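Given these sequences and hints, build the entire structure.
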Amino acid sequence: MGDIIQTIVAKYNFWIYITLMMIGLYAMIAKNNLVKKIVGMNIFQTAIILFYVSIGAKRGATIPILEHGHGGGHNVVHAIDYANPLPHVLMLTAIVVAVATLGVALALAIRVYDRYSTLEEDEILSQIREE
Amino acid sequence: MKVIGLIIAVLTGGLLIYAAGDFPAWSDPASPASTYLSPHFIEKTMEETSVPNIVTAVLADYRGFDTMFETTVIFSAGVACFLLLRAFRRKQPEARHYRHVLTGVTVRIKEGTKLPPSEDFERIDSLWTPHDLIIKTVCRLLIPFIQIFALYVIAHGHHSPGGGFQGGVILGASIIVLAISQDLRTAVKRMGEKLDALLCAVGVLIYAGTGALCLLLGLNFLDYSALASVLHVDPITARSHGILIVEIGVGVAVMATMIWIYNNVSSKGEYDQGL
Amino acid sequence: MSLQYPGLIVVVPLLSALVISIAGWVNKRWCFPIAVAGLSVAAYSSVGLLFRVLDEGVIVYKLGGWDPPMGIAYYVDHLNGLVLAVVSVVALLNAIASKNSIEQEFPERIGPFYTLYVLMVTGLLGIVVTGDAFNLYVLLEIAALTGYGLIAMGGGRGPLSALNYLYMGTIGACFYLLGIGYLYIMTGSLNMVDIARILPDLYQSKAVMAAFIICMVGVWLKMAFFPLHAWLPNAYTFAPSASSSLIAPLVTKVMIYVMIRLILTIFTPEFSFNILAVSKPIVWLSVIAIFMGAILALSERNLKKMLTFIIIAEVGYMVGGAWLGNRVGMTGAILHIANDALMTLCVFLAVGNIVYKVKGAEFENLQGLFRKMPFTMGAFVIGAMSMIGVPPTCGFFSKWYLISGAIQAGQYGFMVALLFSSLVNVVLFFRVFEICYYEPFSDHHGHGDHHPEPIDEAPVTMLVPLFIVAAILVLVGLYTGDIVNHIVEFAIPKGLV
Numbered sequence: 001m002g003d004i005i006q007t008i009v010a011k012y013n014f015w016i017y018i019t020l021m022m023i024g025l026y027a028m029i030a031k032n033n034l035v036k037k038i039v040g041m042n043i044f045q046t047a048i049i050l051f052y053v054s055i056g057a058k059r060g061a062t063i064p065i066l067e068h069g070h071g072g073g074h075n076v077v078h079a080i081d082y083a084n085p086l087p088h089v090l091m092l093t094a095i096v097v098a099v100a101t102l103g104v105a106l107a108l109a110i111r112v113y114d115r116y117s118t119l120e121e122d123e124i125l126s127q128i129r130e131e
Numbered sequence: 001m002k003v004i005g006l007i008i009a010v011l012t013g014g015l016l017i018y019a020a021g022d023f024p025a026w027s028d029p030a031s032p033a034s035t036y037l038s039p040h041f042i043e044k045t046m047e048e049t050s051v052p053n054i055v056t057a058v059l060a061d062y063r064g065f066d067t068m069f070e071t072t073v074i075f076s077a078g079v080a081c082f083l084l085l086r087a088f089r090r091k092q093p094e095a096r097h098y099r100h101v102l103t104g105v106t107v108r109i110k111e112g113t114k115l116p117p118s119e120d121f122e123r124i125d126s127l128w129t130p131h132d133l134i135i136k137t138v139c140r141l142l143i144p145f146i147q148i149f150a151l152y153v154i155a156h157g158h159h160s161p162g163g164g165f166q167g168g169v170i171l172g173a174s175i176i177v178l179a180i181s182q183d184l185r186t187a188v189k190r191m192g193e194k195l196d197a198l199l200c201a202v203g204v205l206i207y208a209g210t211g212a213l214c215l216l217l218g219l220n221f222l223d224y225s226a227l228a229s230v231l232h233v234d235p236i237t238a239r240s241h242g243i244l245i246v247e248i249g250v251g252v253a254v255m256a257t258m259i260w261i262y263n264n265v266s267s268k269g270e271y272d273q274g275l
Numbered sequence: 001m002s003l004q005y006p007g008l009i010v011v012v013p014l015l016s017a018l019v020i021s022i023a024g025w026v027n028k029r030w031c032f033p034i035a036v037a038g039l040s041v042a043a044y045s046s047v048g049l050l051f052r053v054l055d056e057g058v059i060v061y062k063l064g065g066w067d068p069p070m071g072i073a074y075y076v077d078h079l080n081g082l083v084l085a086v087v088s089v090v091a092l093l094n095a096i097a098s099k100n101s102i103e104q105e106f107p108e109r110i111g112p113f114y115t116l117y118v119l120m121v122t123g124l125l126g127i128v129v130t131g132d133a134f135n136l137y138v139l140l141e142i143a144a145l146t147g148y149g150l151i152a153m154g155g156g157r158g159p160l161s162a163l164n165y166l167y168m169g170t171i172g173a174c175f176y177l178l179g180i181g182y183l184y185i186m187t188g189s190l191n192m193v194d195i196a197r198i199l200p201d202l203y204q205s206k207a208v209m210a211a212f213i214i215c216m217v218g219v220w221l222k223m224a225f226f227p228l229h230a231w232l233p234n235a236y237t238f239a240p241s242a243s244s245s246l247i248a249p250l251v252t253k254v255m256i257y258v259m260i261r262l263i264l265t266i267f268t269p270e271f272s273f274n275i276l277a278v279s280k281p282i283v284w285l286s287v288i289a290i291f292m293g294a295i296l297a298l299s300e301r302n303l304k305k306m307l308t309f310i311i312i313a314e315v316g317y318m319v320g321g322a323w324l325g326n327r328v329g330m331t332g333a334i335l336h337i338a339n340d341a342l343m344t345l346c347v348f349l350a351v352g353n354i355v356y357k358v359k360g361a362e363f364e365n366l367q368g369l370f371r372k373m374p375f376t377m378g379a380f381v382i383g384a385m386s387m388i389g390v391p392p393t394c395g396f397f398s399k400w401y402l403i404s405g406a407i408q409a410g411q412y413g414f415m416v417a418l419l420f421s422s423l424v425n426v427v428l429f430f431r432v433f434e435i436c437y438y439e440p441f442s443d444h445h446g447h448g449d450h451h452p453e454p455i456d457e458a459p460v461t462m463l464v465p466l467f468i469v470a471a472i473l474v475l476v477g478l479y480t481g482d483i484v485n486h487i488v489e490f491a492i493p494k495g496l497v
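Protein chains in written order, with the working numbering: chain U, 1 to 131; chain C, 1 to 275; chain R, 1 to 497.
Because the hints were derived from the structure by calculation, they are not lab data. Predicted model, so just to flag it, every value in this text is computed and none were measured. Treat the hints loosely; a few may be bogus.
[Said to hold, decoys possible] Label-pair ranges, simulated between beta-carbon atoms:
id, chain 1, residue 1, chain 2, residue 2, range
1, R, Phe433, C, Arg185, 43 to 49 Å
2, R, Glu434, U, Asp122, 37 to 43 Å
3, R, Glu457, U, Glu120, 32 to 38 Å
4, C, Tyr152, R, Val60, 36 to 42 Å
5, C, Arg140, R, Leu3, 39 to 45 Å
6, C, Gly209, R, Leu423, 53 to 59 Å
7, R, Val26, C, Lys189, 20 to 26 Å
8, C, His100, R, Arg29, 46 to 52 Å
[What the hints assert, rightly or not] Lysine to any residue pairs mimicking SDA-like chemistry, simulated, CA-CA at most 25 Å apart:
id, chain 1, residue 1, chain 2, residue 2
9, C, Lys2, U, Asn33
10, R, Lys305, U, Ile124
11, U, Lys11, U, Thr62
12, C, Lys268, R, Asn164
13, U, Lys36, R, Lys99
14, R, Lys206, C, Ile8
15, R, Lys206, C, Val10
16, R, Lys305, R, Phe370
17, R, Lys99, C, Arg86
18, C, Lys268, U, Lys11
[As the list claims (entries may be wrong)] If you want the footprint, here are the derived chain U segments under chain R, 3+ residues with CB under 8 Å:
id, stretch
19, 20-34
20, 39-52
21, 92-105
22, 109-118
By construction, the Cβ of each residue, glycine as well, lies at the ideal position given by its N, Cα and C atoms.
Below, the structure written as structure tokens:
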């Protein structure tokens, strides 16, 4: 029992982010309104970004920017003192991709609204069935 | 549908949580992610690229190819919004609203006719509210400072948190704040549509062009040390300068795309009245 | 310059897309030549690269000059080279053939349309050529976003279909990203060859198994493998002809390539087939996919929608063939990637010609087409023969390999599904031929003064690429032995029996 509790406490960041991801995934599948699905998509992508960034943390380390890089002589740099820079780089890309997808999704929702005058999926399906 | 969604979410979440039992603990310094690639990045960045901000060095140099495609993603989102929404044959709005400047009387004109432009009447949006003098003035005064800060963020990306993406978004926000506080037509007059679209492509061209220049100079694509002969510096400093050039390209492209997407989405492509 | 082919394949289309975007504001007539020029350089580089790989073996190209795994590297081997050549040639032929239809459907949006078109081809070429797992995600998103924009240009139901495609495609790409994240946590690396080197010590770990499953599900979402196929029929039917004849042959096949990369290179065949015992259920899923695709196609009255259900069945062929777990089946799957891309291009180009002339693809519009458009229908017949699996077209040979692989692996259900699907394809296509052969019922019937319909063919720029593709179908079929012995044999690692 003790080591289960220790496992839960040691990795609580993963549990939280996976729960957030599943909330976003449920919203994308189950909600009726198209904009609510877009919001769910945003939650899902943001949770994945948080998940990755949490990989890069290191106990007792500072941000990955070298102070006095140019001026104060070449101090020896120990990797143990600095956080992992690679997940931050990957997630810069993922944030931009999420914003781009959000923009295109909103543009598509505007076109759908122009055509069907509603954003609820069941009303759109009934309009299509009548055509 | 809700039941299916719930089942899928629970099953997927269960699989993910079950698998996360194998992960190293949070912020463990001995995890594979912290001991394999990142020590090389942290320890060797200064001597290989002479850029103190390790994240910028990895973003724009070691994994610069990814960043070029990321800029292309934002560019293609801008082009897709433009392609989908831009109304080339503008349909006439149902009513236009004008306001007499001196007395504050609002005039509503129906069905497509418009008043000739004159000093006494200004065009207002149908969602216009009065008493906006404070907002308009404060935003107008703040915009130059926002832009200076954005340029600082881009240029200082080598030494502090920042870089092209962050600075580009702040630059874009400075124009969008003009569109929100006054109206869309003012912002479009300041930063025209054609200039916006061209800047977007030019930004990505700066990035891809720098890489292609390195290719033409004999080394592989995006190998900035090839720029040493063009810039007359040693290869390490050439890498630092190459990173600065591509960050400027990224900043320009992101700024232009943010403004472009906002213009298209908020006015439904008609560039008539925004939010 | 031949050392730089891997770089040129992706860079030249990207640069030409940016130039097209600028040229669209200056003079619209420059967009088409620049697009064709960029795609031709990419096609030339990829064919040249394939020949270099045949001579030298695996080619490594380091981007930015950094050694992998610090930087991003391209690994071009036989599998890559073959798919690259097919993708670039298909994109080039389609660009030439759809010029008239683009000018007819959106005359004032030519600039942005060609920009998105060439960017989509850039994304697809980049997915195939890269050797870095995260780079693949970024390029996947480029191909996806441009695809949504291109599909949504179809009037009517286009935007709604594109929005549904967006939801499912984003879930798929995010699952792939999550899987790569799990692999990164366990191995610390993002380079495909490097991960394959580190993983064998970790095969018993739950996280690696979960990473494999999540990546697979993400890739299946993007290739429309049953039961995750709901977005494909509407998205491809309601897209404009120029977009659907680019997206339909290429996107699903490139995702099959990604799946085969995952199975063979990142997680070696020993893990995928022996340690993880899911081959049999997946082959049964693909059997269901083939049956569903065939049966749903029978009920459609729209030619384009019927073809999209056939695509779903073809995806079932390739997934089942790859998961059979033996060399013959994998050969069939890889060969079918190339063959199916060419067959689908041929058929969709023919449908594009028909829509250009007749303005509709419902069965009622297709009457008398053998008389009115004989050349288009001739090429359509060759494409249909290839989809049914008639020698000497290429479709027969890849089906032969798949059936042999099924027999060797003991998966008789898969073999029955393949034969059933061929028979249903016969019914589907001959029904279409029958409708196209007979003239519409007219009042002069039986009075002897039959005025034959004049030949009202599509323009030459739409016909010539169609003939080239039809000829390639027969040529690839005749040279299948060479292709298998020199290229596909080396694409599969030695460990697979």
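Open item on the list: Check the hint pairing Lys305(R) with Phe370(R) against an upper bound of 25 Å on the C-alpha distance.
Closed with: With a Cα-Cα distance of about 21 Å, the restraint between Lys305(R) and Phe370(R) holds, given a limit of 25 Å.
- [ ] Take a quick look at whether Lys206(R) and Ile8(C) sit within 25 Å of each other, Cα to Cα.
- [x] Satisfied, since the Cα-Cα distance of roughly 20 Å is no more than 25 Å.
Open item on the list: Would the hint linking Lys2(C) and Asn33(U) be met if the CA-CA limit is 25 Å?
Closed with: holds, 13 Å
Task: Within 8 Å of chain R (C-beta), three or more residues of the stretch 39-52 of chain U - done: Coverage by chain R holds for the stretch 39-52 of chain U (6 residues, Cβ < 8 Å).
Open item on the list: Assuming the hint says 20 to 26 Å, is it satisfied by the Cβ distance from Val26(R) to Lys189(C) or not?
Closed with: holds, 22 Å
Task: Phe433(R) paired with Arg185(C), Cβ distance criterion 43 to 49 Å - done: With a Cβ separation near 58 Å, Phe433(R) and Arg185(C) fall outside 43 to 49 Å, so the hint is violated.
Task: Given pair status - Thr62(U), Lys11(U), alpha carbons within 25 Å - done: holds, 21 Å
- [ ] Assess, step by step, whether the Cα of Lys36(U) is no farther than 25 Å from the Cα of Lys99(R), and give holds or violated.
- [x] violated, 39 Å
Open item on the list: Can you tell me whether the CB distance of Tyr152(C) to Val60(R) sits inside 36 to 42 Å?
Closed with: 40 Å Cβ-Cβ, so the 36 to 42 Å window holds.
Open item on the list: Hint check: Lys99(R) vs Arg86(C), CA-CA at most 25 Å. Holds or violated?
Closed with: holds, 22 Å
TODO: Return holds or violated for the Cβ distance of Glu457(R) and Glu120(U) against the range 32 to 38 Å.
DONE: violated, 46 Å
Open item on the list: If I claimed the Cβ atoms of Arg140(C) and Leu3(R) lie 39 to 45 Å apart, would that claim hold in this structure?
Closed with: violated, 55 Å
When the structure is compared with the earlier hints, violations turn up for hints 1, 3, 5, 13, 18 and for no others.
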